[in-house]
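Asks: Sequential numbering from 1022 applies to the sequence shown in the working numbering.
Treat each hint with caution, since some may be false.
Keeping only pairs whose Cα atoms sit at most 35 Å apart, straight-line, the calculated DSBU-like set for lysine-lysine is [claimed, not checked]:
#	residue 1	residue 2
1	K1228	K1211
2	K1228	K1213
3	K1055	K1092
4	K1092	K1211
5	K1150	K1055
6	K1182	K1055
7	K1055	K1228
8	K1083	K1055
9	K1213	K1150
10	K1036	K1182
11	K1083	K1213
12	K1055	K1036
13	K1036	K1180
14	K1182	K1150
15	K1180	K1211
16	K1180	K1055
17	K1150	K1228
18	K1211	K1182
19	K1180	K1228
20	K1228	K1182
21	K1150	K1211
22	K1211	K1036
23	K1150	K1092
24	K1092	K1228
Calculated from the structure, these hints are not laboratory results. Note that this is a predicted model, so its numbers are computed, not measured.
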Amino acid sequence: METADAAPLDRRARKRLATRRAISLAADRLFFEKGFENVTVDEIAAAADVGRMTVFNHFPRKEDMFFDRDKEARETLREALRQRDPEVSPIETLRLLAHQLVRQQTPYLLFSTVSEVFFETVENSETLKARARAIRDEIAGELAVALAESAGQDADDPKAKLAAAMLLASWSVAFIEAHRSFRQGRDAEKAKSVFLALVDRGSLGVKAAMAGTAYA
1022 METADAAPLD RRARKRLATR RAISLAADRL FFEKGFENVT VDEIAAAADV GRMTVFNHFP
1082 RKEDMFFDRD KEARETLREA LRQRDPEVSP IETLRLLAHQ LVRQQTPYLL FSTVSEVFFE
1142 TVENSETLKA RARAIRDEIA GELAVALAES AGQDADDPKA KLAAAMLLAS WSVAFIEAHR
1202 SFRQGRDAEK AKSVFLALVD RGSLGVKAAM AGTAYA
């Protein structure tokens, strides 16, 4: 009975995930073609062949369709810290994670013509830029808690908040400069090198600032 009950749940989960992905892909096509502000939820629903309410069941806001990998990225950071080798500091763990994600060609750290369009779509939308800033602030807060927990410190530790803010700032600069590099030279490998070099340098700065703490 237990096995029989589990199978339908798995099928429903897969179907829900497939529907969510179809909506996201349809939305991206329209956003890239017409610009974020010029696309309606009704157009997205029609392109994905689902009802308007189905779209909202999966994505409460239109911006969520564009930043559909946000939750995945947050969980990746948290999981890396949860699974941290006790011999490796939290800051070093995240630096190594950046290298791992680039090696694995993680979608949100690819530098290509597709990611260039994604980046340009954000630059051309005040709504998306505002949401991107909000996401960064949310991640900084969540990362601070994850850093503190990983290091066995109080969840409200101000040093964890400082470390998280500095790490997010360095990753953000690295991300923007890597995209700028790709835009100028169309060289994905060089863009990856720019990203990782800045992440490495930023990590050194955070380690220096956090010297003598459980985070470095």
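Asks: Could you run down the list of hints and mark each one as holding or not?
Replies: Hint by hint, here is what the structure shows:
no., hint, verdict
1, K1228 to K1211, "holds (26 Å)"
2, K1228 to K1213, "holds (22 Å)"
3, K1055 to K1092, "holds (26 Å)"
4, K1092 to K1211, "holds (28 Å)"
5, K1150 to K1055, "holds (17 Å)"
6, K1182 to K1055, "violated (39 Å)"
7, K1055 to K1228, "violated (44 Å)"
8, K1083 to K1055, "holds (14 Å)"
9, K1213 to K1150, "holds (23 Å)"
10, K1036 to K1182, "violated (39 Å)"
11, K1083 to K1213, "holds (30 Å)"
12, K1055 to K1036, "holds (28 Å)"
13, K1036 to K1180, "violated (43 Å)"
14, K1182 to K1150, "holds (23 Å)"
15, K1180 to K1211, "holds (34 Å)"
16, K1180 to K1055, "violated (44 Å)"
17, K1150 to K1228, "holds (30 Å)"
18, K1211 to K1182, "holds (32 Å)"
19, K1180 to K1228, "holds (12 Å)"
20, K1228 to K1182, "holds (14 Å)"
21, K1150 to K1211, "holds (26 Å)"
22, K1211 to K1036, "violated (39 Å)"
23, K1150 to K1092, "holds (18 Å)"
24, K1092 to K1228, "holds (27 Å)"
The earlier numbered hints that this structure contradicts are 6, 7, 10, 13, 16, 22.
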